[in-house]
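Based on the provided sequences and hints, a complete structural model is requested.
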Amino acid sequence: MLRLVLRRVLAVVPALLGLALAAAVVAALAGPGWVEALGAALAALPATLALVLPALALGTVLGALLGVMGGAGAVLGGVGPAMPGFLLAAVFAATLAKAPVLLGLAALALPAAAQAATLAGRARAGAEDTVLLAARGRGMDGSALLWRLVLPLGLSAAMGGLRSAVAGTVTAAVAVESLFGRTGAGQLFVEAARAGDTGMAFAALAGMCGLTVLLSALGGALHGFIDPRARMA
Amino acid sequence: MHGPAGTESRTDPHWRDGPWQKAGQRLTAHRPAAAGLTVLAALMLAVAAGLVAGGGPVGAALAAGHQSLSFTLLAGLGGAALGLLWAAAAVALGERAERAMMAPAAALTGLPLALALPLVGGLLGPQRGLAPMVMVAALIAAPAVAVIARDELRALLRREFLSAAQAAGIPNGRRLRRHILPNAVLPLAAAAWTALPRALMAESLASLLGLGLPAGVTGWGTAIGAAARAGDAVALAGPALLLALTLWALHGVGDGMRLAFATAFSTTAGGRR
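Line order of the protein sequences matches chains A and B.
Position 41 of the first sequence, counting from 1, maps to 47 under my numbering, and the rest follow consecutively.
Position 136 of the second sequence, counting from 1, maps to 153 under my numbering, and the rest follow consecutively.
No lab work stands behind these hints, which were simulated from the structure alone.
There could be a bad hint or two in this list.
Said to hold, decoys possible - Footprint (simulated), chain B over chain A, 3 or more residues, beta carbon under 8 Å:
#	segment
1	68–76
2	85–98
3	179–193
Claimed, not checked - Example chain A residues on the side facing chain B (calculated, C-beta under 7 Å, incomplete):
#	residue
4	K104
5	S149
6	S162
7	V196
Unchecked claim - Some chain B residues flagged as far from chain A (calculated, every beta-carbon gap over 10 Å):
#	residue
8	W37
9	K39
10	A51
11	A59
12	L68
13	S87
14	R113
15	A117
16	M119
17	P129
18	R175
19	A185
20	R191
21	P214
22	M218
23	G242
Using N, Cα and C, we set each Cβ at its ideal position, and we do this for glycine too.
Now the structure itself:
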């Protein structure tokens, strides 16, 4: 597992360095305070990570579970395209602004769960006539089938779409941080963009792109750990 | 059993319907796509009616829809054109150029590209013009279209009927005109369609943050952002519902197009002489 993580992370190091270099160049061209801009963007990233990571983990696992079980998962996957994270964040901010942390998490987790449910549902449907039929033929049924075959299949399929889910969640985190007044790279990005501060806005955007690349790489490593077929990708 | 062409079997729907009709039938047979098309048509009519009638929260939401949908259409068309050109150039220029051109496109699809629109909106200031925002939204949508279109073109170029046409000594220009283009149109249209929801999402997010459509132009995102900040659930309901419906419809039609046209693609793969 550690080797897989290292390999995936090392593969994205040039991209991360390129993003850092681009942010430094743009910030330096925009004004004298480029070191402060980069420092502020880096300091704000952990808060965004603390919002994005649990939402992604929760959304992917719950979505995969619901997706392979059908019913609610199919409904969730069906309405998924209608509820991007920023729209959910706006709806929650306008109607239920009592618990911003939980609502922010829900606004980010639901779209990820919807995508995971769709992918897991498709994976289960694709395996019905092959793997699952063979397992049933060998007498496996009920919870053993779900936990040992169906859920790993669904989870693997859901993790195959993690790259786009990470990008979508990081994008929606900007709206969540802005609407709920949470500190983080998204809030920093919006404030800097509104103020026309090119250096700070670009540094915050580059930071979020770096976070996306890193999380996608870690997701890819975890996918490879769960499903050996994904290790070669 | 079907007889040879030119006999009474011409009256059979299987022979009467051409590939375009069959593709249309497959698209409308996909329930989310049929529902999406109906919703989109109803939305267009409602937005037009709202512009004429106006007034009230519903009229305001429909008027905002006019701005959002116009922006989406322009940016989506631009993004689709750019993406298709990107993919076609990559495939036409050979394997090495294809790798070099498609690697950045694939990398860009994994980034939060939609944030480029609020970035540019903020940097251009409140008096920003619509044209640069449309161009940035088109650039945001292009990489995903390029990746899907390249995959479609590669799949098409691997088809046996093209190898057969090449083996038969049909010249490149004729093969392109008579075999590749007619079979590529529908899958490429499905790839191009993905630019529309991407452009709408990017515009709505940027406008929600107050960094999208220029000052004085109210789209769904602008109305949703203002209502969310004011905590006004009633004002939020109309534009949020319309935006959600439009996104759902666009995705439904896109999914239907991918499914229907991929099947149409395989059944019309015989080419035309």
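Here's how the hints hold up against the structure:
1. Check result for the segment 68–76 of chain A against chain B: violated, 0 residues qualifying (beta carbon to beta carbon below 8 Å, three or more required).
2. Counting residues of the segment 85–98 of chain A whose C-beta lies closer than 8 Å to any C-beta of chain B gives 10; at least three are required, and the coverage claim holds.
3. Here's how the segment 179–193 of chain A fares: 4 of its residues keep a CB closer than 8 Å to some CB of chain B, so the rule of at least three is met and the hint holds.
4. Contact between K104 (chain A) and chain B, as hinted, is not supported at the beta carbon level, the nearest pair being about 11 Å apart and thus beyond 7 Å.
5. A least Cβ separation of about 32 Å between S149 (chain A) and chain B goes past the 7 Å threshold, and the interface hint is therefore violated.
6. Among the interface hints, the one on S162 (chain A) is violated; its C-beta lies about 19 Å from the nearest C-beta in chain B, farther than the 7 Å criterion.
7. Checking V196 (chain A) against chain B by beta carbon gives a least distance of about 5 Å; that is within 7 Å, so the hint holds.
8. Every beta carbon of chain A lies more than 10 Å from that of W37 (chain B), the smallest distance being close to 27 Å; the non-interface claim holds.
9. Chain A leaves K39 (chain B) outside its interface by the beta-carbon criterion, the shortest separation being 24 Å against a cut-off of 10 Å.
10. Distance to chain A confirms A51 (chain B) as a non-interface residue, since its nearest Cβ pair spans about 14 Å, more than 10 Å.
11. With a least CB separation of 15 Å from chain A, A59 (chain B) remains clear of the 10 Å interface cut-off, as annotated.
12. Every CB of chain A lies more than 10 Å from the CB of L68 (chain B), the least distance being 23 Å, so the non-interface label holds.
13. The claim that S87 (chain B) lies off the interface holds: its Cβ sits roughly 20 Å from the closest Cβ of chain A, which is beyond the 10 Å cut-off.
14. The beta carbon of R113 (chain B) is kept farther than 10 Å from every beta carbon of chain A, the shortest such distance being approximately 20 Å.
15. A cut-off of 10 Å between C-beta atoms confirms that A117 (chain B) is not in contact with chain A; the least separation is 16 Å.
16. A cut-off of 10 Å between C-beta atoms confirms that M119 (chain B) is not in contact with chain A; the least separation is 16 Å.
17. Distance check on P129 (chain B): its Cβ comes as close as 4 Å (rounded) to a Cβ of chain A, failing to clear the 10 Å threshold; non-interface status is violated.
18. Non-interface call for R175 (chain B) relative to chain A: holds, since the shortest CB-CB distance, roughly 21 Å, exceeds 10 Å.
19. The non-interface label for A185 (chain B) is consistent with chain A: the shortest C-beta to C-beta separation is roughly 37 Å, beyond 10 Å.
20. Every beta carbon of chain A lies more than 10 Å from that of R191 (chain B), the smallest distance being close to 39 Å; the non-interface claim holds.
21. For P214 (chain B), the condition that its CB be more than 10 Å from all CB atoms of chain A is violated, with the nearest at approximately 7 Å.
22. With 10 Å as the threshold on Cβ separation, the claim that M218 (chain B) sits away from chain A is violated: the shortest Cβ distance comes to roughly 6 Å.
23. A cut-off of 10 Å between C-beta atoms contradicts the statement that G242 (chain B) is not in contact with chain A; the least separation is 7 Å.
Of the hints listed earlier, those the structure fails to meet are numbers 1, 4, 5, 6, 17, 21, 22 and 23, in rising order.
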